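Engineer: Chains E and Y, in that order, are what the protein sequence lines are. Just so we're aligned, residue -5 is where the first sequence starts under my numbering, counting upward by one. Just so we're aligned, residue 191 is where the second sequence starts under my numbering, counting upward by one.
Just so you know, these hints were derived from the structure itself, not from any lab. Quick caveat: nothing in here was measured; it's all calculated off a predicted structure. Misleading hints may appear alongside valid ones.
[To be verified] Quick list of the computed label-pair ranges, beta carbon to beta carbon:
| id | chain 1 | residue 1 | chain 2 | residue 2 | range |
| --- | --- | --- | --- | --- | --- |
| 1 | Y | 371 | E | 274 | 25 to 35 Å |
| 2 | E | 20 | Y | 544 | 49 to 59 Å |
| 3 | E | 299 | Y | 194 | 56 to 66 Å |
| 4 | Y | 461 | E | 84 | 42 to 52 Å |
Ideal placement from N, C-alpha and C gives every residue a C-beta, glycine not left out.
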Amino acid sequence: MNLNFTAEYEDFRADVRAFLDKHKADAPSMANVGLRSEKRLKWQRILLEHGYAARTLPKQYGGFGAEPDSLKQRIIAEEFARAKVPGGIAGQGINMLVPTLLELGTEEQKEKYIAKTLSGEMIWCQGYSEPGAGSDLASLRTAAVVDGDDFVINGQKIWTSTANQADMIFCLVRTEPDAPKHQGISYLLFSMDTPGIEVRPLMTMTGRAEFNEVFFTDVRVPTSQIVGQRGEGWMVANATLTHERGMLGDPDAALSRLKSIAEIMQNEHVDGKSLMDNPVYRDRLVALEAEVYAMKFNGMRLTTASVEKKSAGLAGMIVKLQGCELNHRLAELAIDVMGEYGILFEDSPFLRDHGLWQTHYMFDLGLIIGGGSAQIQKNIISERGLGMPREPKVAKA
Amino acid sequence: MYFGLSQDQTMLQDSVQRYLESASELAHVRGFAEGDNSLAESLQNGLMELGVPLVLVPEEFGGLGLGVLEAALIQQAMGRFVSPTSFTSAYAMAVIGLREAGDDDQKNDWLGRIAGGSAIIGVGLTEAIGAREGAGLKLSGDKVSGRASFVMGAELASHFMLTAGKELLIIARDSAGVSETALTTIDKTRHVIMLDLQDVPCTVLAGDAVAAQARMIDIGRVLLAADSLGAADMMIEKSVAYSKDREQFNRPIGSFQAVKHMCADMVAKLEPCRSLVWYAAYAQDHVSDEAALMSRLAKSHLAEVGKYVARTSTEVHGGMGFTDLLGLHYWFKRIGANRQLLGGPETVREEAAKLQGWS
Ligand SMILES: Cc1cc2nc3c(=O)[nH]c(=O)nc-3n(C[C@H](O)[C@H](O)[C@H](O)COP(=O)(O)OP(=O)(O)OC[C@H]3O[C@@H](n4cnc5c(N)ncnc54)[C@H](O)[C@@H]3O)c2cc1C
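Let the hints inform the model, and build the full structure from the sequences given.
Structural biologist: Structure, rendered in C-alpha cells:
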C-alpha cells in the first residue's frame, strides 16, 4: 500500500486545480441542464480541448489522445467532484456507443460518428429493451429483414431514455429468426429521423417523461449500418453493457451527496436545534459515510487493478448493485432529515434544494431496476463471481 | 382472549372497501392528482351517505359513537385505494379535539355542524410536534397570527383547527387575514397547505388543549399508520399478481426465488403490522396507559415497513414499476408522505423513548 502519488501525478493534480479555478465560471450547474444547452456544449468544447473529456480517445476521432492512465482519470474525477463542477457529457452515446465503435466499428463508422458524439452535437439513445424483453434481453423480437441493400425494421422498443431528443439510435434487432436466441441478433445504427419511427414519451414516477416507447414500421436502414457481423449483436451489446454498469455507481458522486446532506443537517433547525445535534440522524449520516468511503476505496482498488491490467473480480462486480443502493439510501436520509419539507416536490413553495432529493430517491430506484436489475446483478455475482450453480433453464413452451 | 375484528368491524371495513373500489378507482385518483377536485367532493358525499365520516362523533351529537379501531379500519381502506379524503384530519383528529377540549356549547355547535356536513375541519398540529423555520401561531385575545405549516385536510375544509402553543383554536377558512399557500408534495392524492394568519378571529377551545392535542396526534398517527398498511397491502397484491403474469426467460418471474422472496419478505414484515395497527387503534379507547406508546410504535414501524414494501413492490414490477403506466407510484408516494406527516420515524421513536423514561 502506498497512497502517495509521484511528483508527476501531484503536478497533474495541480494542473487540474488550476484549470478548474480558471474555467469554473463556464461550467453549467450540476442540476438539470438541457442536453443541447449552449452552455453545456461550450463546456464540453473546453473540456475536450484540455483533455478532461475523451482524454484517452484518439485525436483523429476528436479525442485528446493521451495515454490511458487510470490514476490521472481518477484525479480528474476527484478534483471535479471536489470543485462541484460537472465533468463532460455522460450520455449513452459517449459512455456506451463510442467505446463499442472504437472496439468493433468500421473505420468509416468511427469517422462518421465518434467526433460528433464527443462534442455533444450528436445525441444517441439505446434501443435494447422491449415490452417482452427486459431482464431477458436476448429474447428481443424487433425484426430486421434484408431487402436489397437495406434492413427493413418492424417492432417496438420501450424504456428508451432520451429517444425524444436523440439524433441517432444504437439498436438491437433480430436478423436471424431461426438461430438460437443469442445468435440471431444484430446491432444497428440509424438516424431517429428515418421514416417509420414513432417516439411516444413515457411518463415515470418522477412526473417527467424520462423515457419513451419507440415504434418501428418498415424502417429502412442500409445494411452497412451494422456494427460487427449479422448475428453478432449480442456480443457487441455486451461490450456496451459492461460500460453502462461501470457508469452507474460513481463513488465521487456519492461522496458529494453525503457532504450536501451534512450541510443540510447543519443548516436545518427543529425547535431551534440543529439537526446535526440529533444523535440519531448523525448516526445514520456517519454509518453512510463509512459505506461511501468503503465504495470510494473500492474504486481506488479498481483503479489499481486497471493500471496493473488485472481483473478486479468481485470488487468490480458489486459496484452497480452497491453503488445504486447507496445513492438511494443517501437520498432517503436527506428526505428524512428534512421531515415534512422532504416531501415537497416539483415547483412547490418552500422547496429545499429544488426538490432534487425526492427525484434522486425515485430515480435511483429506477437505476436499481434499470441496466440489469439488482436481482440480476445478484445472479451474476453468485453465478459468475462465486461460481455457484446456475439456475436450470426452462425450455421454450 | 379474542384478538381480532368483530363481525361488525369486518362488515364496516368491507362496505367502505366495496364503495371505494369503484368510487375511488385509479382513473379517478389520477384525475384528482391532475387537479380535478371533483373526486374529493363525490367521495365526501358518498362516504357521508354511508355514515363513515361520523364514526367518532358521539351519538348524542348525531354520530355513530364508534371507536378508533373502526376509524383505523376505514382509513386502511382509503389507503388501499389511495383515496383523496380528509378523513384523518376532519373526521378523526378534529372530532377528537372537540370531544376532548370543547365545552358543551362548543361540542353542540361544532360536532353538530360536522355531523350535518356543514363544517369540514382541516388540522394543523405540525408545530406541536416540531417547528421549523420559526413557524407557529400566537394568540392575542380572540385573534390569532403567525404561520401553521403542513396543514392537513385542505381538499374541502371549511375551517381549520390549529395549535397555538397551549391552545387549540378553530378559524374559518374564508376569514379576513387568512392567506393560504398550496404546497406540492410527492403525494398528489391529498392536499396540504401553509397558512399565514394576520389577526384572524378564532374560537378558542375551552378545555385542556394540551391533553387534547396529544390525543389528536396519537390518533392521527394511528390513522396514518393504518393508511400505510392499506396502501402496502395493495402494493403486495399488485406485486404478486404481476409476478404471476409477467414472463421472462420463458417463465413467470414469480417462479424465480429472488422474486418470491421479495414478496414473502414484504408479507413477513407487513402481517405483524396489521396486528400492531389493530392494537394501537384499540388501545386509544380501551388501554389508556398504552395508547400514547402504541400510537408511536405503530406510526414509526409502519413508516419503515411501508417504505420497504413501496420500494420492493416497485422492484418486483421492474421498469414497469418505475413508469406512470400502472400508477403504482401513487401508492409509493402516499406511503412516503405518511412517513413524514405528524413526525418522521426518528422523531416519533424519540418521543416513545421519553414516554418510557428512557431518554
Ligand atoms: C431508469 C431506467 C432507464 C432505462 N433506460 C433504458 C434505455 O435507455 N434503453 C433500454 O433499452 N432500456 C432501458 N431501461 C430498461 C431496463 O434495462 C429494464 O427495465 C431492465 O432490464 C429490467 O427489465 P424489465 O423492466 O422488463 O423487468 P423484468 O425483467 O420484467 O423484471 C421484473 C422483476 O423480475 C426480476 N427478474 C427477472 N428475471 C429474473 C431472474 N432471472 N432472476 C431473478 N429475478 C428476475 C427482476 O429483477 C424484477 O424484479 C431502463 C430502465 C429504467 C428503470
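Engineer: Each hint should be assessed against the structure and marked as holding or not.
Structural biologist: Each hint tested on the structure:
1. 371(Y) / 274(E): 25 to 35 Å: Check passed, 30 Å falls within 25 to 35 Å.
2. 20(E) / 544(Y): 49 to 59 Å: holds, 53 Å
3. 299(E) / 194(Y): 56 to 66 Å: The hinted range 56 to 66 Å holds for residue 299(E) and residue 194(Y), with Cβ atoms some 59 Å apart.
4. 461(Y) / 84(E): 42 to 52 Å: holds, 44 Å
Of the numbered hints listed earlier, not one is contradicted by the structure.
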